[in-house]
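Asks: Chain order of the listed sequences is R, U and P. Per this note's numbering, the very first residue in the first sequence carries number 1; after that it's consecutive. Per this note's numbering, the very first residue in the second sequence carries number 1; after that it's consecutive. Per this note's numbering, the very first residue in the third sequence carries number 1; after that it's consecutive.
A couple of the hints might just be wrong.
Footprint (simulated), chain R over chain U, 3 or more residues, beta carbon under 8 Å [as the list claims (entries may be wrong)]:
#1 52-65
#2 71-79
Quick list of in silico lysine to any residue cross-link-like pairs, SDA-like style, CA-CA up to 25 Å [said to hold, decoys possible]:
#3 U:Lys169 x P:Leu29
#4 R:Lys176 x P:Arg187
#5 U:Lys268 x U:Ala144
#6 P:Lys136 x U:Glu87
#7 U:Lys46 x U:Arg298
#8 U:Lys263 x P:Asp53
#9 P:Lys136 x R:Leu16
Far from chain P, some chain R residues (derived; all Cβ distances over 12 Å) [to be verified]:
#10 Tyr17
#11 Lys46
#12 Asp53
#13 Leu58
#14 Ala77
#15 Lys176
#16 Ala195
Please keep in mind that the hints were generated in silico from the structure rather than gathered at the bench. Every residue, glycine too, gets a C-beta built ideally from N, C-alpha and C.
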Amino acid sequence: MWGRALLAGLAGLILLYLILPMLVVVPLSFSGQSYLSFPPQSWSLKWYGTMADNPLWLEATINSLLIGIPTALISVAFGTLAALGIVRGNIPRAGLISAAMVAPMMMPHVILAIGLYPVMLELGLLRTHVAAIIGHSVIGIPLVFITVSAAVTGYNGALELAAMTMGANPWQTFWKVTFPMIRVGMLIGGILAFATSFDELMLSLFLTGAATRTLPRLIWEQLADYLTPTIAAVATLVFVFTLVLLAIVSLLQIRRGRAMAGQHG
Amino acid sequence: MKNKTAGSLTRREALAMMGAVSLVPWLDATPAQAASQLVFASGGGKLEETYKKTVFSAFKEKTSNDIVTTANEGAKLKAMVEQGQVEWDMMQGPAEQLIVFGRQGLFEPIDYTNIDKANLLPGAANEFFALTDVAAYNIGWNTANLKGPAPQNWAEVWAYDGRIGLWKKPFQTLEVALLADGVAIADLYPLDIERAFKSLDKIKSKIVWWERGAQGAQVFLDGEVDVGAIWNGRVHQPKLDGAPVDFNFNQAVFVNDAWAVPKGAPHKKEAMELLALALSPEQQAAFARELPYGPVNRAALALLDDKVKATLPSSDENYKKGRLLDLEFWADNSQATLEKFNSWLIG
Amino acid sequence: MLKGANTGTPATMRKASWSVARLYRWMLLAPALFLAAFFVFPIIRVVLRSFSDPAWGVQNYERIMAGGPYLQVLLATIQTAATVTALCLLLAYPVAYVMSRLTGSLLQIAAACVIIPLWTSAVIRSYAWMVVFQRKGILNEALIGAGVLDDAIRFLPGSFAVHVGMVHIMLPFMILPLLANMRAIDRSLLRAAEIMGANPLVAFAKVYFPLSMPGVSAGVALVFMMSLGFFITPALLGGPQHLMAAVLIEQQANVILDWGLASSLATVLLVVTGAMYVLYMRLTGNATGNLKGAL
Numbered sequence: 001m002w003g004r005a006l007l008a009g010l011a012g013l014i015l016l017y018l019i020l021p022m023l024v025v026v027p028l029s030f031s032g033q034s035y036l037s038f039p040p041q042s043w044s045l046k047w048y049g050t051m052a053d054n055p056l057w058l059e060a061t062i063n064s065l066l067i068g069i070p071t072a073l074i075s076v077a078f079g080t081l082a083a084l085g086i087v088r089g090n091i092p093r094a095g096l097i098s099a100a101m102v103a104p105m106m107m108p109h110v111i112l113a114i115g116l117y118p119v120m121l122e123l124g125l126l127r128t129h130v131a132a133i134i135g136h137s138v139i140g141i142p143l144v145f146i147t148v149s150a151a152v153t154g155y156n157g158a159l160e161l162a163a164m165t166m167g168a169n170p171w172q173t174f175w176k177v178t179f180p181m182i183r184v185g186m187l188i189g190g191i192l193a194f195a196t197s198f199d200e201l202m203l204s205l206f207l208t209g210a211a212t213r214t215l216p217r218l219i220w221e222q223l224a225d226y227l228t229p230t231i232a233a234v235a236t237l238v239f240v241f242t243l244v245l246l247a248i249v250s251l252l253q254i255r256r257g258r259a260m261a262g263q264h265g
Numbered sequence: 001m002k003n004k005t006a007g008s009l010t011r012r013e014a015l016a017m018m019g020a021v022s023l024v025p026w027l028d029a030t031p032a033q034a035a036s037q038l039v040f041a042s043g044g045g046k047l048e049e050t051y052k053k054t055v056f057s058a059f060k061e062k063t064s065n066d067i068v069t070t071a072n073e074g075a076k077l078k079a080m081v082e083q084g085q086v087e088w089d090m091m092q093g094p095a096e097q098l099i100v101f102g103r104q105g106l107f108e109p110i111d112y113t114n115i116d117k118a119n120l121l122p123g124a125a126n127e128f129f130a131l132t133d134v135a136a137y138n139i140g141w142n143t144a145n146l147k148g149p150a151p152q153n154w155a156e157v158w159a160y161d162g163r164i165g166l167w168k169k170p171f172q173t174l175e176v177a178l179l180a181d182g183v184a185i186a187d188l189y190p191l192d193i194e195r196a197f198k199s200l201d202k203i204k205s206k207i208v209w210w211e212r213g214a215q216g217a218q219v220f221l222d223g224e225v226d227v228g229a230i231w232n233g234r235v236h237q238p239k240l241d242g243a244p245v246d247f248n249f250n251q252a253v254f255v256n257d258a259w260a261v262p263k264g265a266p267h268k269k270e271a272m273e274l275l276a277l278a279l280s281p282e283q284q285a286a287f288a289r290e291l292p293y294g295p296v297n298r299a300a301l302a303l304l305d306d307k308v309k310a311t312l313p314s315s316d317e318n319y320k321k322g323r324l325l326d327l328e329f330w331a332d333n334s335q336a337t338l339e340k341f342n343s344w345l346i347g
Numbered sequence: 001m002l003k004g005a006n007t008g009t010p011a012t013m014r015k016a017s018w019s020v021a022r023l024y025r026w027m028l029l030a031p032a033l034f035l036a037a038f039f040v041f042p043i044i045r046v047v048l049r050s051f052s053d054p055a056w057g058v059q060n061y062e063r064i065m066a067g068g069p070y071l072q073v074l075l076a077t078i079q080t081a082a083t084v085t086a087l088c089l090l091l092a093y094p095v096a097y098v099m100s101r102l103t104g105s106l107l108q109i110a111a112a113c114v115i116i117p118l119w120t121s122a123v124i125r126s127y128a129w130m131v132v133f134q135r136k137g138i139l140n141e142a143l144i145g146a147g148v149l150d151d152a153i154r155f156l157p158g159s160f161a162v163h164v165g166m167v168h169i170m171l172p173f174m175i176l177p178l179l180a181n182m183r184a185i186d187r188s189l190l191r192a193a194e195i196m197g198a199n200p201l202v203a204f205a206k207v208y209f210p211l212s213m214p215g216v217s218a219g220v221a222l223v224f225m226m227s228l229g230f231f232i233t234p235a236l237l238g239g240p241q242h243l244m245a246a247v248l249i250e251q252q253a254n255v256i257l258d259w260g261l262a263s264s265l266a267t268v269l270l271v272v273t274g275a276m277y278v279l280y281m282r283l284t285g286n287a288t289g290n291l292k293g294a295l
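Extracted from the complex, chain R is given alone in its bound form (with noise of 0.2 Å):
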């Protein structure tokens, strides 16, 4: 009992460590001076006002998220039919293959955008958000590769026979016993791909037009010349979107709960 204890107090400070930074970050966001120093000797709510005066923000959210979805949908496809293909596919050289699949991720970025600058440029797609999606699904293909892979690897290839022997089409083997296992690793990929097309920098500063900016790269911008604490304000949006975003997906599975738990009753 007190091992389990000791545990759950040990996985509570990890997950406080992976917050701490938002710690810091929040409370700069309000400073009432004009560069960065913790903790803050005035407060103030002006940063939140610069950044609401200054529509690249905005512009620059949008673009980052016209972006970073495509390339999870994108990614969670191309990556979960890699997985499945290469695992339960039997074929030969599977390791080299897989290696292969997951190379993109060990590439420099600098130099994958340098390769991929002609080839988008014959097939007139420069300069435009295709671009850069097709450039972070390269990089996004392999988060999901692994993540599924292992989901893959976790349950056994019989059951999928199993329900093949018994009539069921491919189609509705997929649906119905193969999705459910991998549902997961799924998810998961397509949450680290969003989140590292999110901060990409390079492969869109090449692949994207003129005036298309990316939250990273205004970010970058901002910090050209010395910090001040509009970067915190918008890490801080940033922060609460995504506590609005998960809180309202823990409510829909609330009310989802509900009306299961009615039906059966």
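Dock chains U and P against chain R, hints included.
Replies: Same frame as chain R, now just chains U and P:
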């Protein structure tokens, strides 16, 4: 059950809406810029803000051309020129970088016909780029931490018993190391690299390296370092805002921002006009009033009052305290020196 | 449903097995084509460049081998990535284990703690750590206030600060795959082992830990490879000894514009770490009985 269906329907609707919204910018692929729109690649920050406030708005008034800004990554410049598909009309960057890019054939030669070269600082009018302002890599200190009198030269900085902040790059830092070691400012170039490393060796345990300009300012402001080297523009405004930081221009290394026109720029002619306007006394003075980066056009100094001039590295008073970075030296030696510097760092 | 369930399958099953495998192989086609077009093809051009810029030959590779900082930095990069991976695994395993047993709002709070840092720019997080670790920072003030220290410790730049910062960025990439895996583990197996008389620690080591291996190997692969590309955090929090390969490559590609050298550095990084990955897959693949006969 009813609830559940409703939930998933709205979700689907939401997704569809998101899809429709997001398709708009994809289809609108921002084609080649319209005739009246110039693309200016800059490092962003206060510099870009000030350009917009001063020379860009004057240019818009004069020619009705708009200017949009983008990031000035060197690698993107090279990729665009190599592929013959250049988006930028003008690039701003540190002069020691632009001279290297110019030698790689990435820029158009500058058209000086409408520019009064005689009034520019010596070395400001280069074949492939023009210097546009003068900043300083100078002695700075945290006023709350400083024990004793403020350092008046680099030797005193080196001798300070405390933490010394320096930029983690060979450019400018090696100059300062030689000055600290007693090299006369007139005999600085060509740099004696080995001697500079020996000078850095003496304070290796006291150095706090900063990598980015914003980080450099921060380590001075919050007292992570006591004394050291910093660019004047990064600590000027915080000092005015009451931060515990101060600086002087003694033995400063003067560095420049420069503008250049990428080879194959779509609006070459307009870009040259923009450069001529930026170098005019009026615009140079307007810029210097906003940011403490001095004019390269001497005629601009006459338009500025003494209070502003005192803050500028290129005012007559301040300019004689330091020395301009030797661009040619760094163009010839940056690759080899960077390699040695990195080896020294990890050694 | 453990290992070995495949043996002794009837003929119909074997036939189905063959056709399922073929179906899955077809699935590989779309992502393979995508990556061939947008990764392999561009990278082949880059690799060619390492042999052709400024002239045909291996002079770029000779320069890397000739001394200078390159090999040392590459080694330091791999070392740093390995350390970060080990630390992440050590911290993530207990967190994921506890989280896998949580439900309801406790689980949601814990999940928020893991996901929120992911959404926050790595640059901003690195600056936040600077605030924590600086001379008059939160940590020093707290230690002095508690009487543990008389004078501020110098954390910046340094190994402790940089590892705290890097582990912070990578930890969600370890926790989430572990969590996915652990939630799928059938706990009745553990209980069965305990009922049969195994003490809880032995049951954990013999039953639970092997079952969590797919999660462990996924997390390790993710964190290690992403750590190789570390850029801004070591630059802001690390000392000179934390110079990373990505920083050197970026300097060459973006500042000096020596793409020949940049390409060859990237190629060496890719080959060395690719070889490590293949080796790793072979080891863990055998350990979990998957990807058998992979090579």
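Asks: Need the list of violated hint numbers for this structure, in ascending order.
Replies: Hint check: 1, 3, 5, 6, 10, 14, 16 fail, others pass.
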